[in-house]
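Protein sequences, first through last, are from chains A and B.
Counting along the first sequence from 1, when you hit position 399 you're at 399 in the numbering used here, and nothing is skipped either side.
Start counting at 1 in the second sequence, then tack on 401, and there's your number in the numbering used here.
Hints are not guaranteed to be accurate.
Below 20 Å or equal to it, Euclidean Cα-Cα: the simulated EDC-like pairs (lysine to aspartate or glutamate) are [claimed, not checked]: (1) Lys-246/A - Asp-235/A; (2) Lys-387/A - Asp-485/B; (3) Lys-545/B - Glu-8/A.
Please keep in mind that the hints were generated in silico from the structure rather than gathered at the bench.
From a predicted model like this one, the values you see are computed outputs, not experimental measurements.
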Amino acid sequence: MTRIDFVEVAFDSLRINRLRSALTMLGVIIGVAAVILLVALGQGTKNYVEEQFAGLGSNILIVTPGKIETKGGPPIIGSVRHKLTLNDSRILEKKGYLFAGVAPVVFGTAEVRYQNRSRNVSILGVTPAFQEVRNLHVEIGSFLGEADVDARRRVCVLGRTVKRELFGNANALGQTVKVAGTLFRVAGIMEKKGISLGIDIDDLVFVPVRTAQELFDIDGLFEILVSVRNKNDLDSGKELAMSLLKRAHNRNEDFTITNQAAILSSLYTILDTLTYVLGGIAAISLLVGGIGIMNIMLVTVKERTNEIGIRKAVGARNRDILLQFLFESTALATAGGIVGILAGVAGAYALRLLVPKLPVSIPAWSILLSFTFSVFVGVFFGVYPAKKAASLNPIEALRYE
Amino acid sequence: MGSEAASEPLLRLRGVTKLYEAGAGRVVGLSDVDLEIGAGEFLAVMGPSGSGKSTLMNILGCLDVPTSGTYEIKGRSVAGLSPDRLSALRNREIGFVFQVFHLLPRYTALRNVELPLIYAGVPREERARRALEELRAVGLEDRKEHLTNELSGGQKQRVAIARALVNKPSLLLADEPTGNLDTRSGDELMEILAGLNASGVTVVLVTHDPAIARRAHRTVYIVDGKLVSVERFREIRG
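Bound conformation, chain A alone (with noise of 0.2 Å):
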């Protein structure tokens, strides 16, 4: 029939109460921007925990010693009858069609000294192909060679904060220090990496794997990590890893290969569970916006009563009445929700100039979801008070100051 023009009375109505529709809309623009700003603060936790196993590399395969049994919890110290072995780390690399890189690594503490500055570290005894598999490079003078850990030459590459306490703004490069009592010299200074995994590793000294092996009196290894050529073939390598091992074990799985991937991604669900319980909260608030609108909507029904009447005496419909004040309000929460966007978003930039380190962003989705629930709670909340003023009857309406 008619097609009455509601939408212009809602905006008439709204633009001529205006500070009452900014406070209404208030409630929503906070949740919506509470919304934004959390999601994108957890998704900013998960970004910076992601940055900080980054340099793990997700397509790792970490190879240890010793059988961890489902029952048993870690194997007991000296239970361990076959050790990993260079042999192992060998046969990986030339039989490991899948692997990228295979580096074998000892590990163990030392006290590290430079004339009469001496500091307790870690050591790693690792192969050149270390660099690549771990992500770790060196920044001054040159990593291990092949020909250093074949002649188990005494050579060293220092961490940052190593080179630092021993040398201070000296030159280190090619100076002599005392690894556990032995001469050792310097060939390179590792770049700055920080703390990842809890492991400082600029605290790190990183000496020729035979070296190693010699220095701690061991023939066995830490671990072999083994590098992925294709993220996807990381299950495939897992499998290949294990028939090689086996093989040359003897057939007895005495030892574990962990995939790093599936350790993170269980780490990244319980991330993406925090982002959505903010989320959640933010919610809540959002929620809480609604009733506000609610309730305002209702004090305006009651306000406006004499309104509805005179509208109703010269013709509105109970229909045209219910959308005009549901219209209304699903403005209120749209506009709100919008306002609410772009203020998140501001918030979220602020945030990230203020605290560079934490890398938030704002996944599309939760502006998406923000915006959609701010409007179903404007028409949700809307839907009792425009019922409401829809159902006054016109004479009482007429009749009240």
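Could you slot chain B onto chain A? The hints should help.
Coordinates of chain B only, in the frame set by chain A:
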């Protein structure tokens, strides 16, 4: 035109009774009222306060429906119409002028006059044009952009008349239209109503003021919800 020429009156009430449920029992608003109003008439309904004037006006204006009896507009009964059908009927057939103006505050005069046209589904440009026309007719064209709360009482009531007439209703229903006006504005307003009636608009005027009622061509008297003769009315009042 003239009422004698028409076979069918514009409005016809037969045995209209209105009862209100009020606390303990029922209150009689109107009791067995018979009334016919022809097209082009200028009728005054007189009665003291609480006599049932307002109830009669509400029923004539389709704001309310009778408890029993029939009310016909142009031969069509309004009994059993839904609130929405009554709204549509008011929009088309009735123009209201109230004692307390009942204009939307903080809206311009033009917006107020447009109001019935909005609910008639008239497009925007035509709405503005017709509303301006009506404002011109009551001499307020230059006040169209004024907010109604900035207008004087007399101007407000003229805006209300413009609003009442903008959708060309069959009936102009005025409830104590001069009640909140000073004498001069009241006189001016009565001139406007008389002029409108002279140009063919059917006017029903509800008042308690005999001086106002005298301007009408015919007066009916109401006491305790019943229509009474003028003699009886004078007797009760005296």
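Status of each hint after checking the structure:
1. Lys-246/A - Asp-235/A: Holds, at about 16 Å.
2. Lys-387/A - Asp-485/B: holds, 14 Å
3. Lys-545/B - Glu-8/A: Between Lys-545/B and Glu-8/A the Cα gap is close to 19 Å, so the pair holds against 20 Å.
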